[in-house]
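A.B. asks: Residue numbers (UniProt numbering), protein chains in the order written: chain W, 1 to 308; chain X, 1 to 439; chain U, 1 to 312.
Just to be clear, a hint being listed does not mean it is correct.
Stated by the list, open to error - In silico DSSO-like links for lysine-lysine, alpha-carbon gap of 27 Å or less:
| # | chain 1 | residue 1 | chain 2 | residue 2 |
| --- | --- | --- | --- | --- |
| 1 | W | K44 | U | K93 |
| 2 | U | K89 | W | K63 |
| 3 | U | K93 | W | K227 |
| 4 | U | K173 | W | K268 |
| 5 | X | K194 | U | K292 |
Keep in mind that the hints were calculated from the coordinates and are not lab data.
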Amino acid sequence: MKEKDNSRRQFLTTGLLATLAIGCTSEDPFTAAVDASVEPSGEKVKLLSVDGEEIEVDRAFLKPVPHMPSVSALEARAGFPGKKFVMVIDLSRCKNLKKCQSACNHMHQVHPGQGWIQIHAMQDAANTAPYWQPSLCMHCDEPPCVKVCPVDATFKRQDGIVAIDSDRCVGCRFCMAACPYSARVFNWEKPLITEVQAAQPYSCETSTPQKIGTVGKCDFCPDMVRKGELPHCVTACPNGVFMFGDMNEDTVTNGPETFRFSELIKDKAGYRLMEDLGTKPNVYYLPPVNRNFPFEEGYNTAAAQKGA
Amino acid sequence: MEKEIKLSEAQITADLYPRKFGLPGMLWTSLLIAICLVGAYAYYLQLRDGLGVTALRDYASWGIYISNFVFFVAISLVGSLITAVLRLSNVHWSTPLTRIAEIIAVSGIVFAAIIIIVDMGRPDRFLYVMIHGRLQSPIIWDVVVISTYLVISLLLLYIPLLPDLKIMLQHKEKNIKWLNKVYHFLGSFWVGSKEQFRLSEKAINILAVTIIPVAFCIHTVTSWLFATTYRPGWDSTNFGAYFISGAFLVGAGAVVVAMYVFRKAYHLEKYITDDHFNKMGKIVVLLALLYLYFNINEYLVPAFKMKKFEVEHLEGLFTGHFAGIFWFAIATSMVLPILILLFKSGRKPLPMFIAGLLVVVGAWCKRFLIVTPTMLHPMLPMTDAPEEFMHYFPTWQESAITLGSLAGALLIVTFFTRILPIIPVQETIAEQHETDKDN
Amino acid sequence: MKRIKTTSAGLFFLLLFLATSLSALAQEVEKADLNLNLRYFLKNNKVPYLTVETNTKVERRFEPVQGMAVAVYLNEVAPENLLANVVTKEDGKATAVIPPDKREVWNSSHQHTFIGVAEESERFEETTSEIEITKARLAISTDTTDGARNVMVLLEALDDEGNWIPVEEADVKIGIQRLNTVLPVGPDDAYTTDEEGVALAEFTRDGLPGDDNGNLMLVATVLDNDTYGTLTLEEAVAWGAIVAHSNDFDKRSLFATRDKAPYWLLFLSGFIFFTVWGTIAYLVYLLMRIRKLGKTKPATKPEPAPVELTPA
Numbered sequence: 001m002k003e004k005d006n007s008r009r010q011f012l013t014t015g016l017l018a019t020l021a022i023g024c025t026s027e028d029p030f031t032a033a034v035d036a037s038v039e040p041s042g043e044k045v046k047l048l049s050v051d052g053e054e055i056e057v058d059r060a061f062l063k064p065v066p067h068m069p070s071v072s073a074l075e076a077r078a079g080f081p082g083k084k085f086v087m088v089i090d091l092s093r094c095k096n097l098k099k100c101q102s103a104c105n106h107m108h109q110v111h112p113g114q115g116w117i118q119i120h121a122m123q124d125a126a127n128t129a130p131y132w133q134p135s136l137c138m139h140c141d142e143p144p145c146v147k148v149c150p151v152d153a154t155f156k157r158q159d160g161i162v163a164i165d166s167d168r169c170v171g172c173r174f175c176m177a178a179c180p181y182s183a184r185v186f187n188w189e190k191p192l193i194t195e196v197q198a199a200q201p202y203s204c205e206t207s208t209p210q211k212i213g214t215v216g217k218c219d220f221c222p223d224m225v226r227k228g229e230l231p232h233c234v235t236a237c238p239n240g241v242f243m244f245g246d247m248n249e250d251t252v253t254n255g256p257e258t259f260r261f262s263e264l265i266k267d268k269a270g271y272r273l274m275e276d277l278g279t280k281p282n283v284y285y286l287p288p289v290n291r292n293f294p295f296e297e298g299y300n301t302a303a304a305q306k307g308a
Numbered sequence: 001m002e003k004e005i006k007l008s009e010a011q012i013t014a015d016l017y018p019r020k021f022g023l024p025g026m027l028w029t030s031l032l033i034a035i036c037l038v039g040a041y042a043y044y045l046q047l048r049d050g051l052g053v054t055a056l057r058d059y060a061s062w063g064i065y066i067s068n069f070v071f072f073v074a075i076s077l078v079g080s081l082i083t084a085v086l087r088l089s090n091v092h093w094s095t096p097l098t099r100i101a102e103i104i105a106v107s108g109i110v111f112a113a114i115i116i117i118v119d120m121g122r123p124d125r126f127l128y129v130m131i132h133g134r135l136q137s138p139i140i141w142d143v144v145v146i147s148t149y150l151v152i153s154l155l156l157l158y159i160p161l162l163p164d165l166k167i168m169l170q171h172k173e174k175n176i177k178w179l180n181k182v183y184h185f186l187g188s189f190w191v192g193s194k195e196q197f198r199l200s201e202k203a204i205n206i207l208a209v210t211i212i213p214v215a216f217c218i219h220t221v222t223s224w225l226f227a228t229t230y231r232p233g234w235d236s237t238n239f240g241a242y243f244i245s246g247a248f249l250v251g252a253g254a255v256v257v258a259m260y261v262f263r264k265a266y267h268l269e270k271y272i273t274d275d276h277f278n279k280m281g282k283i284v285v286l287l288a289l290l291y292l293y294f295n296i297n298e299y300l301v302p303a304f305k306m307k308k309f310e311v312e313h314l315e316g317l318f319t320g321h322f323a324g325i326f327w328f329a330i331a332t333s334m335v336l337p338i339l340i341l342l343f344k345s346g347r348k349p350l351p352m353f354i355a356g357l358l359v360v361v362g363a364w365c366k367r368f369l370i371v372t373p374t375m376l377h378p379m380l381p382m383t384d385a386p387e388e389f390m391h392y393f394p395t396w397q398e399s400a401i402t403l404g405s406l407a408g409a410l411l412i413v414t415f416f417t418r419i420l421p422i423i424p425v426q427e428t429i430a431e432q433h434e435t436d437k438d439n
Numbered sequence: 001m002k003r004i005k006t007t008s009a010g011l012f013f014l015l016l017f018l019a020t021s022l023s024a025l026a027q028e029v030e031k032a033d034l035n036l037n038l039r040y041f042l043k044n045n046k047v048p049y050l051t052v053e054t055n056t057k058v059e060r061r062f063e064p065v066q067g068m069a070v071a072v073y074l075n076e077v078a079p080e081n082l083l084a085n086v087v088t089k090e091d092g093k094a095t096a097v098i099p100p101d102k103r104e105v106w107n108s109s110h111q112h113t114f115i116g117v118a119e120e121s122e123r124f125e126e127t128t129s130e131i132e133i134t135k136a137r138l139a140i141s142t143d144t145t146d147g148a149r150n151v152m153v154l155l156e157a158l159d160d161e162g163n164w165i166p167v168e169e170a171d172v173k174i175g176i177q178r179l180n181t182v183l184p185v186g187p188d189d190a191y192t193t194d195e196e197g198v199a200l201a202e203f204t205r206d207g208l209p210g211d212d213n214g215n216l217m218l219v220a221t222v223l224d225n226d227t228y229g230t231l232t233l234e235e236a237v238a239w240g241a242i243v244a245h246s247n248d249f250d251k252r253s254l255f256a257t258r259d260k261a262p263y264w265l266l267f268l269s270g271f272i273f274f275t276v277w278g279t280i281a282y283l284v285y286l287l288m289r290i291r292k293l294g295k296t297k298p299a300t301k302p303e304p305a306p307v308e309l310t311p312a
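I would like the entire structure built from these sequences, with the hints used as guidance.
C.D. replies: Listed below in structure tokens is the structure:
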């Protein structure tokens, strides 16, 4: 105890004063903080520092989390260098609220009745426990859908995302047949979007605008990552079921909580779906143990939503 | 035995020369054209409104278009069976059937290509398959192999046709006027010299050898469109052989039906004899037994294990929703034809015709069963989807387009008989000479 | 089926019409409540800025209000105290800074009030919101004792005499900057400062992947403190692991793009393709020879007389 006090004393006198002294010089306060992937917007703002000095700062950094620049269609096909996105779905927290589904459908112009996220009522055998299982595109490392695409309309990016180019898709639906997770939906009819929306250039990062005769599916929302935010399903879920992050940083978050990915998977015995198929998904599941809600409540919430 | 009846060259030529349609012919052709037109209108609707006019939805995302595609590819395989396999095994009786088989093959493969474009969500981007084609995709393999097979089939149809074209050119007054120019363009260089015969014989032999592996490829690759996925009912190493045996069967069945119809319509009893039916009957029975063998493999082995993903699918076929059509297909495409054709009295023209029809109808149902039940048994449950997504029954547009494509294929065969001899004239004459010599 | 569809569609439009006309009526009677929030940020003890957030309750949940004009004032609502006029963006947020010409006012006190005023609009009444902020600063220091890696964060605030005084009992989050989130350095999310203004945390994330040099970015955050706002300070520390991330992106595989097809596939399919099409080419050559034979020697063999056709 005494030793600890001593070390703290020492630390206070030396370390902190030194850092404060450095902190108060007039050099660019952001050099240390700047992430290589963040590019300045070019727009400079003159402002007062907290010490009353006049300084110039790029507007891009006047945010809790800076924006990453948007990219061309070609760069979007390559994805973020050095990242590998991963999702963890905690089955013990899901009660079939479907907020993830409605947020996702809304943001991606998904046709009514279809969904990129499905919440299955699962029961593996008669005497095993039932549970709610949200399922979406697994962004497999060896994606069977990408293997069969005849025109590179669906492709694997270096950040692990399996994306779709709706300007390329010929609508053969081989990928839908190949996907064992039924993650893909098809635009059978004209998408219900405004003409202004339809006139936007297609981006495989937003997966919009939806186009008739092409396939759609979960895209892991790389556009939200660029904005410094989380995918829509993650933020929409009030129970924190979905956790998203970069496997290369070994971290996933659902917003309020942030976990070290490897520890989380180890502690809670995380697993992936249909491991025997060799698809190597990037979506992990935490088993439905120590649940926050009884399974039956999922039916109540679903019924209440229908009534509302 | 009928071969002993001597036929003069003139008689043969006159008998086998293409003729104007009679009233039944006109009615038949008009009916086919009408069906095609309805199909074309339905396709216009589909082009305008998208694939939403079909009953296809996210689970059953492939339906009767794909079934029909597989059916066409299957039926087109007969060209290689009758022409190549029998030719290489030195079987001569099949000569009068080669052209029937080849034209069925060509029209089948043409409509296989057409129906696959119909199935595309974005037919306007068809060229992307060429521009952005990706060699890893079995679809690209299928595109390549189907176009190859089409070219080879056309050659196999064309080269033996050269002597007959010459005969056609000798009777210009009997032909449809404008077609004479086509005959001239296609065959005016054929003089029938020994060297020309030698070269064409050589070409046909090379073709006969080439078409067999290509034919195996085309149907194996088509089976891989299914077998390269993980789905119950498709995830099978047996699929290529299973598809090929089924294809040979339906092709042979189609040839039997065509033999009967042409014989009746053109009074070709002297050329398509009861003996031909007898021999074709034996082939069909052999092929049906072979297909039965593969079917037992395909269903019994997974049914023995009843793996989790397979259970629902197999139960749906054996006793569930698809049981009716499943047992109908098994009965019509295999069991009944075998029962009919195992007996000599069953290998007479009329029972053969019925057996052939059963085989073809059963084969179409079989293709439906290969596609749809599997699609409706995904590996995760079907959840949160509208009621219509859970079932599949084709809409009228879809059915009209499918029927239209079938009618279109028949129309090609029908028109072919009008403009070119459906039974090789020159080869029949040559064989007649040979039998004369033998006697 | 179709009739039901049209009827239900009609019903839907009727309801929609009723709903819109009702809401239009409602708006005339009573305007919705606008929530206006000001937040104060200080990043790396240097740049203070404010965010303005507007939202409103729509059907039991909050939705951001876009295009809301908000004027931000320093200390009191007067034209000479105007810091910025901002308009909220799609997410209902806008950012304001303290312009250089406010230096005297800013330097005059350790404590300031920011006032946001949203003008009356068609949807909302005039709304005001204010926050009072005391200038504060953070410092990070790290050390390693007995193999334990410690992070110490000092929080100090300015008093009215211009002295920096340690802040006691404040929550400080100490973590590592990750993609769009901060991973706590240890099992706890936040640490409380003691009487000396120091929050002490132990780093237990051994082996956590750092950048190319093994550096991790420590982040100390005082989040939405009633007195000091949100303060963040970052400091690089060489506690990360250097991990080489393998990536199959550029490798030849069945799931790569068309220009990355595996060699075995290229060779196999190429071999088959050229064998078959080579044969076809040879066949076409044979055909050309047959054609040539017919064209060059028409007279070698006299044409047989046309056979008379007798109807069968």
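A.B. asks: None of the hints should be skipped; say for each whether it holds.
C.D. replies: Hint-by-hint comparison with the structure:
1. For a cut-off of 27 Å, the pair hint linking K44 (chain W) to K93 (chain U) stands: about 19 Å separates their Cα positions.
2. Our distance criterion of 27 Å between C-alpha atoms is met by K89 (chain U) and K63 (chain W), whose separation comes to about 13 Å.
3. Of the pairs offered as hints, the one joining K93 (chain U) and K227 (chain W) holds, with about 13 Å between alpha carbons and a cut-off of 27 Å not exceeded.
4. Pair hint K173 (chain U) plus K268 (chain W) holds up; C-alpha atoms about 25 Å apart against a cutoff of 27 Å.
5. Restraint check: the Cα-Cα separation between K194 (chain X) and K292 (chain U) comes to about 14 Å, which is no more than 27 Å; the hinted pair holds.
Consistency with the previously given hints is maintained throughout, with no hint failing.
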